[in-house]
Each structure stands twice: as C-alpha cells, then as structure tokens.
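Each chain, written out:
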Amino acid sequence: MDLSSKAPQDVDIRQAWDTHKFRMKLVNPANRRKYRVIVVGSGLAGASAAATLGEHGYNVACFCFQDSPRRAHSIAAQGGINAAKNYQNDGDSVWRLFYDTVKGGDFRSREANVYRLAQVSVNIIDQATAQGVPFAREYGGTLANRSFGGAQVSRTFYARGQTGQQLLLGAYSALERQISAGRVKMHARTEMLDLVVEDGRAVGIVVRNLETGAVSTHAADAVVLATGGYGNVFFLSTNAKGSNVTAAWRAHRRGAVFANPCYTQIHPTCIPVSGSYQSKLTLMSESLRNDGRVWVPKKAEDCGKAPDQIAEADRDYYLERKYPSFGNLCPRDIASRAAKEACDDGRGVGPKVEGVARGVYLDFADAIKRLGKSAVEERYGNLFEMYERITGENPYEVPMRMYPAVHYTMGGLWVDYNLQSTVPGLFVIGEANFSDHGANRLGASALMQGLADGYFVLPFTLPNYLAGVKPGGANEGTAAFKAAEADAQGRLDKLMGIKGKRTVDSFHRELGNLMWEKCGMARTREGLTELLGRIPQIRQEFWENVTVPGSPGELNQSLEKAGRVADYLEFAETMALDAREREESCGGHFRSEYESEGEAKRDDANFCYAAAWEFKGVGQAPVLHKEPLEFKYVPLATRNYK
Amino acid sequence: MKLTLEIWRQANKSAAGAFETYSLEGVSEHMSFLEMLDVLNEKLTSEGKEPVAFEHDCREGICGACGFVINGRPHGPQPKTTVCQLHMRSFKDGDRLVLEPWRAAAFPVIKDLVVDRSAFDRIIQKGGFISVNTGSPQDANAILVAKNESDKAMDAAACIGCGACVASCPNASASLFTGAKISHLALLPQGQPERWKRAEAMLEQHDLEGFGPCSQHGECEAACPKGITLSNIARMNGDYLFSQLAYSPRVGASTEGG
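Taken in sequence, the protein lines are chains A and B. Residue 482 in the working numbering sits at position 482 of the first sequence; the count goes up by one each step and never skips. Residue 867 in the working numbering sits at position 225 of the second sequence; the count goes up by one each step and never skips.
These are computed hints drawn from the structure, not numbers from a lab. Some hints here could point you the wrong way.
As the list claims (entries may be wrong) - Some chain B residues well away from chain A (every beta-carbon gap over 12 angstroms; in silico):
| no. | residue |
| --- | --- |
| 1 | Glu662 |
| 2 | Ala707 |
| 3 | Lys768 |
| 4 | Cys804 |
| 5 | Asn879 |
As the list claims (entries may be wrong) - BS3-like mimics (lysine-lysine), calculated; alpha carbons at most 30 angstroms apart, straight line:
| no. | chain 1 | residue 1 | chain 2 | residue 2 |
| --- | --- | --- | --- | --- |
| 6 | B | Lys734 | A | Lys494 |
| 7 | A | Lys352 | B | Lys655 |
| 8 | A | Lys499 | B | Lys691 |
| 9 | A | Lys322 | A | Lys352 |
| 10 | A | Lys185 | B | Lys839 |
| 11 | A | Lys299 | A | Lys322 |
| 12 | A | Lys21 | A | Lys501 |
| 13 | B | Lys839 | A | Lys352 |
| 14 | A | Lys103 | A | Lys340 |
| 15 | A | Lys34 | B | Lys685 |
| 16 | A | Lys352 | B | Lys734 |
| 17 | A | Lys601 | A | Lys561 |
| 18 | A | Lys561 | B | Lys789 |
| 19 | A | Lys561 | B | Lys768 |
| 20 | A | Lys642 | A | Lys499 |
| 21 | A | Lys185 | B | Lys691 |
| 22 | B | Lys691 | A | Lys501 |
| 23 | A | Lys298 | A | Lys501 |
| 24 | B | Lys789 | A | Lys494 |
| 25 | A | Lys501 | B | Lys722 |
| 26 | A | Lys352 | A | Lys103 |
| 27 | B | Lys691 | B | Lys655 |
| 28 | A | Lys373 | B | Lys722 |
| 29 | B | Lys655 | A | Lys561 |
| 30 | B | Lys644 | A | Lys561 |
| 31 | A | Lys494 | B | Lys685 |
| 32 | B | Lys768 | A | Lys499 |
| 33 | A | Lys373 | B | Lys655 |
| 34 | A | Lys185 | B | Lys789 |
| 35 | A | Lys501 | B | Lys685 |
| 36 | B | Lys734 | A | Lys305 |
| 37 | A | Lys103 | A | Lys34 |
| 38 | A | Lys185 | A | Lys103 |
| 39 | A | Lys21 | A | Lys369 |
| 40 | A | Lys499 | B | Lys722 |
Computed from a predicted structure; not experimentally measured. Don't be surprised by glycine CBs; every beta carbon is placed ideally from N, CA and C.
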C-alpha cells in the first residue's frame with residue numbers, strides 16, 4: 001500500500017504548494033469539456049468544487065440526497081471561518097494559523113496539507129465576499145473579526161450565527177450559475193449507493209433516485225466524494241438526520257483505505273437529551289463559555305433542587321477549579337470530558353433519562369450582574385431564544401443546562417496531498433477525507449477546509465490526474481457497471497425482503513448508544529473489546545430482523561435509512577478497532593488508560609502516524625497501514641491548558 | 643398528552659390523496675413536533691403500516707427541508723419557528739391537529755407531506771448569484787460596505803428556502819422568496835452590475851413556474867420562520883420596474899450600436 005503523501009519534499013513548506021502547482025499537468029481548455037467528473041455531495045466542499053470545475057469547462061455531474069443542493073449540512077455551522085488575513089494587525093500570519101492548527105490537532109495531521117490550508121484561507125474570504133456573502137462588518141465598511149477557541153488572534157470571519165448558511169448559499173449560487181450555464185448537471189434527491197472501479201480506477205457510481213426508487217449508473221473520468229462525516233454512527237449527534245457514511249464506506253469497500261476513524265470531536269455545549277424519543281442534539285455556540293460559568297452541585301443529593309436553592313458554597317465550578325488559567329474557556333475535548341466526569345459522579349442536573357441526569361449548568365447570573373441584562377442579550381440574545389424555544393426555560397432566569405455531543409469527525413478516507421484516495425481517480429474532499437485537523441479540529445476551521453479543498457485545491461490537482469487519462473474511457477455498459485448495479489439492487493431487495501419485527505431506528509439507536517458508551521468521550525481497551533463483540537451481533541440481528549415497510553420503487557424513507565444503518569453497522573467495527581489499536585490519548589481520542597492527572601497522554605514514540613485501514617470483508621479484520629507523520633516545522637510538544 | 647392527528651396521505655404525484663386519522667398517546671411536551679411524528683412512524687412501522695413521509699434534515703431550523711401546514715398555519719402556531727424547532731408544549735392534551743403539505747400548483751406533492759420545491763432552484767438559476775469565477779476577486783477589504791446596508795443584506799439572505807411563504811399566500815406567490823434573494827444582492831455593491839437583469843430574469847422564471855402574483859396580503863411575512871419582511875418584495879418590484887423602464891434591451895442595443 002503506497003501511503004506516500006506526494007507533497008514536495010525538496011522545497012521548504014512555504015513553497016511546497018506553489019512548486020507543486022507548477023509541476024502538475026494541465027488540461028487544455030478545449031479538451032476540458034470532454035472530461036466527465038462526478039461530484040457527490042453539495043455542501044461547502046462539493047458545491048465549491050462542482051462550481052469551480054464547471055467554470056473551468058469540465059463536464060460535471062453533481063449528486064445530493066437532499067431535495068436541493070442548498071440544504072447540505074454545512075448550512076448549520078454557526079460560528080465562523082478562520083483566515084490568516086491579519087486584518088486586525090494583531091500578529092496573525094499564514095504561519096501562525098498553520099502552527100495553531102497543527103498544535104490544535106494534537107500533532108496528528110500532515111504538516112504540508114495544513115500549511116496549504118492556512119495559505120489558501122485568505123483567498124476564501126476574497127472569493128466569498130465577491131459572491132455577496134454578507135460577512136459582519138465594522139462601521140467603516142471593512143470586515144469584522146472575532147476570536148475563537150485555540151487561538152490568541154482575531155481571525156474568524158462570521159455572518160451572525162449563520163456563517164455556514166451564508167457560505168453555503170454563496171457556493172450554492174456559484175453552483176446554480178454553472179447549472180444554468182449547462183456545465184454542471186445537478187441530480188438532487190439522488191443517493192450514491194456504490195462506487196464503480198474498473199482496472200483499478202474509479203470510473204463511476206451507482207445511485208438511487210429517491211423519488212422514483214430507480215437504480216442507475218453514471219460513468220465519469222473521475223469521481224469526487226464530498227459526502228461529509230460519520231457522526232451519526234452515534235445516532236444522536238449535532239449532524240443532520242440524513243448525514244451518513246454510505247458513500248465513503250462503499251468507496252472503502254472498493255479499495256479506498258479509511259484513516260483515523262476513531263477521531264471524533266465532541267462539542268461541550270449542546271442542549272441535553274430530554275427523553276428516549278430524542279432524535280438529534282442541538283449545539284449552542286461555544287462563544288457562550290466566554291461569559292457563562294459552568295457548575296454542578298458539590299453534593300449529589302443537591303442535584304434535585306432548583307439551582308437557586310443551592311448555596312454558592314455548595315456549587316462546584318469544576319472547570320475554574322481544575323484549570324485555573326483557562327477556566328471555562330479550556331478546549332472542547334477537555335471541557336467535554338470534565339462534564340462527563342461530573343455526571344458519572346452522580347452530580348449531573350436536569351431530568352433523568354434512563355435513570356441518569358446528564359447535564360451541567362452554564363450560568364449567566366454573574367455575567368448579567370456584571371454587564372447588565374441588555375449587554376448579555378446583545379451578545380447571546382439569539383442563542384438564548386433558541387434555547388428557550390427548545391427547552392421552555394428562560395436562561396436569563398434559570399441557568400442553561402448543557403451536555404457534550406458528537407459534532408464533527410476528523411477521520412475519513414485517506415487522501416494524499418492531491419486529495420486523491422488510494423483508488424486512482426477517486427478524490428475525497430471536506431469532512432469526508434481524513435483531513436487536515438489531526439486528532440482535534442479547532443473552531444471555525446471546518447468551513448475553511450471544505451472551501452479550501454473545493455475552490456482552491458481540487459481544481460488544480462484533479463486536472464493533473466485527468467491529463468493522464470483518455471477522456472470518455474468509461475461507459476455504463478461494461479461488466480464492472482453491470483455488476484455494481486446488480487450488487488446495489490440486490491442489497492435493496494434483501495433489505496426489503498427481511499420483513500422482520502424491529503424498525504431501522506431501533507437498531508440505529510442501539511448501535512448509537514453503545515458507541516457513545518464505549519467509544520465516545522472516554523474509551524478503554526476493555527470497553528472497546530466488549531463493543532467489538534457486540535457490533536457483529538447487532539449487525540446479524542439487523543439482517544435477520546429489520547422491517548422496511550413500503551416498496552423500493554417509490555419515495556421510501558425507511559429504505560433510505562436502512563441502507564445507511566447497514567453501513568454504519570459495518571463502519572462502527574472499524575472505528576472501534578482503530579480506537580482500541582491507538583493506545584494513547586490525543587485530541588478527541590481519549591483512552592482512560594493513557595492519562596496523567598486527568599490529561600491526555602500522547603505517545604509520539606509509538607503512535608505518531610495516521611492509521612489507514614484496508615477493507616478485507618465484512619466481519620473480517622481490516623489491515624492496518626501506517627503513514628508516519630513528521631513534524632519538521634512545528635516541533636512536537638504537549639498541550640497544556642492548566 | 644394524547645393527540646388526534648389528521649394527516650394527508652398521498653402515495654405519489656399522480657395518486658389522489660386523502661386525510662387519515664391517527665390517535666397518539668404518551669406525547670411529551672419536551673418532544674419536538676418531528677419527534678412526535680417519529681414516535682407515530684415507529685408505531686405505524688411496528689404495526690406493519692407505512693410511516694408518514696415528511697421532509698427534514700438538520701432539525702435545527704436552518705436547512706429549510708422541513709415544513710408542512712398544521713391547522714392551517716405553515717410551520718404551526720409559533721412565530722419565527724420552523725416545524726423542527728416547534729415543541730409539543732405549544733399544544734395541549736386532547737388537541738386535534740390537521741397536517742397537510744404545502745399547497746401550491748408549483749409545488750407538486752411527491753408523497754404525503756413531501757412536496758417538490760425544485761422551482762426555487764430554477765428561480766435562483768436565472769440570476770440569484772453574482773457572476774464571479776473562483777480565483778478572480780480582489781482583496782475582500784477592497785469592497786467597503788456600510789454596516790447598516792450589510793446588515794439589511796444579511797436580513798434578506800437569512801431566507802432558508804422552505805416554501806412557507808408560498809404555502810401561506812392566497813395566490814401561492816413566491817415573491818417573498820424571490821424578493822429576498824434579489825434584495826440580498828441588490829443591497830450590496832458586488833450585486834450592482836447584474837442588478838436589473840437579475841430582477842427581470844428571476845421574476846420571469848417565478849411566473850413561468852406557476853407561482854401567482856403578489857397582492858400584498860402579508861401572510862408570507864407572518865408565516866416566514868426567518869422574519870423576512872415585505873420590504874424585500876417592494877425592492878424587487880422597484881428593481882423590476884426600473885429594469886423595464888430604464889434598462890430595456892432596446893436601450894442596450896442602441897448603446898452598443900452607437
């Protein structure tokens with residue numbers, strides 16, 4: 001397995017991308033329309049890539065499962081997008097953004113990719129602004145910035161609490177422009193079911209039209225996956241309900257190795273679960289921790305009391321106690337684990353779900369006293385409203401209740417510096433690749449990476465591949481296409497034919513609960529081993545006892561879910577295995593055995609690599625390949641927030 | 643609480659639909675409306691019946707996928723709240739709720755509560771963008787935008803494309819949706835070069851899709867979960883009028899000829 005990054009090694013990292021761009025082959029403008037490119041997914045990465053490739057003159061087909069490309073889950077990102085513009089003149093630079101991102105990722109990302117990300121970040125802001133993205137502005141008309149976790153400079157651009165929405169609508173508008181120009185053909189309500197590989201190259205996909213149920217194949221000269229992350233393996237997450245691992249997993253089964261699946265990010269401030277019917281979790285911006293104080297009662301017996309009945313002396317402001325210098329503003333992974341510990345200790349607050357109260361207070365009483373209610377309202381008014389809409393409680397009067405939730409996945413399909421997977425012709429961008437975030441992603445960096453990949457990286461690296469391929473070489477009539485289509489159809493028929501007793505959701509919830517318990521915020525060898533024993537059992541029961549009502553030849557949401565859950569039931573095993581294999585704690589991956597005084601303990605001597613798993617069959621152990629990670633420019637160091 | 647639900651069931655675009663009545667017990671006030679429907683669907687599935695199809699994705703009020711009419715009101719009774727963020731505490735024990743899809747000729751029903759809103763994408767295709775290729779822009783701070791204008795553009799850009807405006811309008815007009823996009827871009831300097839052409843082309847497509855004209859009822863503003871205001875329609879109409887009067891193709895042709 002060749003896991004060489006293909007990043008130029010003979011030049012300084014500052015010149016790597018420019019050098020690489022110059023060395024790559026180009027495709028003559030007159031020949032571009034002869035090349036067909038498939039882009040799966042229409043979020044920030046997919047829409048920006050499809051639009052830009054369309055502008056360049058390629059013949060692009062874009063697919064999304066939603067009814068419109070504008071609904072991809074990038075739309076839900078709230079906080080902002082980082083860029084090393086240094087508009088605030090506060091000492092920011094490409095180098096500093098690079099440094100912060102490598103360190104924030106706990107030294108588990110690839111330096112060359114991260115440097116390039118920081119480098120093109122400035123172009124993203126220019127591009128989005130020119131498209132009409134209404135970023136926040138100062139009175140003088142210049143762009144405004146705010147600061148965000150993990151950085152000491154103000155480099156985050158934002159559009160109220162809807163930055164993801166506005167950036168996505170910008171990319172969507174560019175995409176619609178290319179659709180109108182006839183350069184991109186959009187297939188909405190169409191889900192990818194499989195990848196077609198012929199002679200070792202990705203040459204097309206199998207899809208299902210979700211409205212008619214028709215299964216068909218599409219051939220292309222290259223396939224780009226921009227299909228997001230796998231957070232819904234936990235059932236409950238802040239992801240959209242439709243977000244799924246199917247496209248990435250199917251590509252994995254066809255030969256693309258999957259890297260670091262155990263790296264998941266848990267966001268500390270989400271609205272707690274209110275009952276067993278809970279369908280998703282809602283994130284509240286991290287910015288709340290700027291003024292809110294996190295606490296739980298010192299004594300478990302106080303937990304049932306109203307918060308204002310608990311005396312100051314009986315409260316445990318545990319983040320301020322444990323991390324006096326960063327206090328309530330310590331990084332996401334640390335704040336999340338501390339909340340879990342408090343609740344595991346029996347000191348959680350709020351309603352009990354399945355016997356345990358899982359919530360901690362985020363209290364604004366002091367901030368209201370210090371700043372006045374109107375100042376707090378100005379800063380957080382829209383978030384307070386959203387909280388009240390969901391919980392029915394007024395956070396000006398009662399402290400908010402928060403609990404961590406799965407939010408983002410850093411792992412994904414392995415890609416080289418060209419964003420190409422281990423299957424030639426298959427490119428992976430955005431959250432779907434194993435990306436530039438290492439073991440932990442900094443706030444406001446997901447939007448940056450999605451757009452960097454789609455607007456400014458892939459449109460250079462994909463042509464380099466296409467230049468070596470004869471256009472139009474693949475066609476839907478060949479045996480590989482017929483076989484892949486028959487496979488997909490057979491799988492759908494099988495799901496419909498089981499006619500068991502349990503609903504798809506009941507399996508998804510069972511898997512999700514188990515993953516959250518054993519492979520969530522804190523993991524142990526023992527728990528993961530138990531998990532690895534359970535997953536095949538659930539998978540077996542699924543294939544014997546699931547019920548999928550309706551018919552396959554129509555809009556059938558149960559069938560859509562069933563296909564996705566079936567893939568999660570395979571994926572989960574590789575994720576748990578990766579978590580067990582990585583005997584260290586780093587970023588979002590916390591192994592309880594590897595800690596010192598409650599802090600994550602990395603093992604650079606043995607685990608300074610990206611773990612890339614090769615599929616060997618369902619129920620068979622995947623094979624681990626390692627891409628060693630070298631830190632030549634940002635020296636390895638221990639994160640410390642005490 | 644216990645609820646009686648009358649839900650529109652329709653197998654596909656060409657089938658005739660009808661209301662069916664369901665009774666649901668044990669509904670918690672903390673559930674979102676869609677979670678209540680999840681519970682109903684789990685029950686129906688377990689009984690071997692087909693669950694109710696409804697559209698949803700982010701369930702946090704931003705993707706615009708969800709939406710149907712509850713007792714005559716798009717997205718239900720809470721102002722500025724999509725149905726995914728509507729919670730059952732807005733209802734009481736014993737309530738009878740009538741659920742039906744968006745009703746509009748331009749939004750054909752696909753199944754149950756799911757409608758086809760692709761007309762919105764086609765309106766955007768006619769000009770809901772600024773023609774700038776990737777890589778060509780100048781530095782972002784070279785374009786200054788007054789804060790209040792930028793804020794107004796953001797107010798308009800907050801549209802989530804859910805279609806509640808169309809569902810609430812007696813004419814099934816999509817003027818609020820179309821006006822919001824035209825306003826967003828018309829309020830920014832970047833949007834000026836294509837401003838008049840944009841208004842004309844998008845409105846023409848709006849009419850071609852079968853959406854009705856605006857007669858200023860204002861129902862759309864009341865139904866909009868994102869607080870998009872009628873002033874956006876006024877701005878759109880102004881731009882369209884200006885386009886017709888001062889920027890007709892004839893003027894363009896003669897300028898070119900001269």
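Cross-check of the supplied hints:
1. Glu662: Holds, because the least Cβ-Cβ distance between Glu662(B) and chain A comes to about 15 angstroms, which exceeds 12 angstroms.
2. Ala707: violated, 5 angstroms
3. Lys768: violated, 7 angstroms
4. Cys804: violated, 10 angstroms
5. Asn879: The assertion about Asn879(B) holds, with a minimum of 21 angstroms to chain A.
6. Lys734(B) to Lys494(A): violated, 42 angstroms
7. Lys352(A) to Lys655(B): Given pair Lys352(A), Lys655(B) is violated - Cα atoms ~44 angstroms apart, limit 30 angstroms.
8. Lys499(A) to Lys691(B): holds, 12 angstroms
9. Lys322(A) to Lys352(A): This hinted pair holds, its Cα atoms lying about 26 angstroms apart.
10. Lys185(A) to Lys839(B): holds, 24 angstroms
11. Lys299(A) to Lys322(A): holds, 17 angstroms
12. Lys21(A) to Lys501(A): Given that 30 angstroms is the threshold and the Cα spacing comes to 56 angstroms, the pair is violated.
13. Lys839(B) to Lys352(A): Cα-Cα ~58 angstroms, so violated.
14. Lys103(A) to Lys340(A): holds, 24 angstroms
15. Lys34(A) to Lys685(B): The given pair, whose Cα atoms are some 51 angstroms apart, is violated under the 30 angstroms limit.
16. Lys352(A) to Lys734(B): With a Cα-Cα distance of about 23 angstroms, the restraint between Lys352(A) and Lys734(B) holds, given a limit of 30 angstroms.
17. Lys601(A) to Lys561(A): Violated, because 38 angstroms separates the two Cα atoms, which is more than 30 angstroms.
18. Lys561(A) to Lys789(B): Distance of about 45 angstroms is beyond 30 angstroms: violated.
19. Lys561(A) to Lys768(B): Since the Cα atoms of Lys561(A) and Lys768(B) sit roughly 34 angstroms apart, the hinted pair is violated (cutoff 30 angstroms).
20. Lys642(A) to Lys499(A): violated, 55 angstroms
21. Lys185(A) to Lys691(B): violated, 37 angstroms
22. Lys691(B) to Lys501(A): holds, 12 angstroms
23. Lys298(A) to Lys501(A): The given pair, whose Cα atoms are some 46 angstroms apart, is violated under the 30 angstroms limit.
24. Lys789(B) to Lys494(A): violated, 58 angstroms
25. Lys501(A) to Lys722(B): At roughly 40 angstroms apart (the allowed maximum being 30 angstroms), Lys722(B) and Lys501(A) break the hint.
26. Lys352(A) to Lys103(A): violated, 38 angstroms
27. Lys691(B) to Lys655(B): holds, 20 angstroms
28. Lys373(A) to Lys722(B): Given that 30 angstroms is the threshold and the Cα spacing comes to 23 angstroms, the pair holds.
29. Lys655(B) to Lys561(A): The hint holds at about 22 angstroms.
30. Lys644(B) to Lys561(A): holds, 28 angstroms
31. Lys494(A) to Lys685(B): holds, 23 angstroms
32. Lys768(B) to Lys499(A): violated, 47 angstroms
33. Lys373(A) to Lys655(B): violated, 52 angstroms
34. Lys185(A) to Lys789(B): Status violated; Cα separation ~37 angstroms.
35. Lys501(A) to Lys685(B): holds, 12 angstroms
36. Lys734(B) to Lys305(A): holds, 27 angstroms
37. Lys103(A) to Lys34(A): violated, 43 angstroms
38. Lys185(A) to Lys103(A): Roughly 41 angstroms between the alpha carbons, so the hint for Lys185(A) and Lys103(A) is violated.
39. Lys21(A) to Lys369(A): With a Cα-Cα distance of about 56 angstroms, the restraint between Lys21(A) and Lys369(A) is violated, given a limit of 30 angstroms.
40. Lys499(A) to Lys722(B): The hint is violated at about 41 angstroms.
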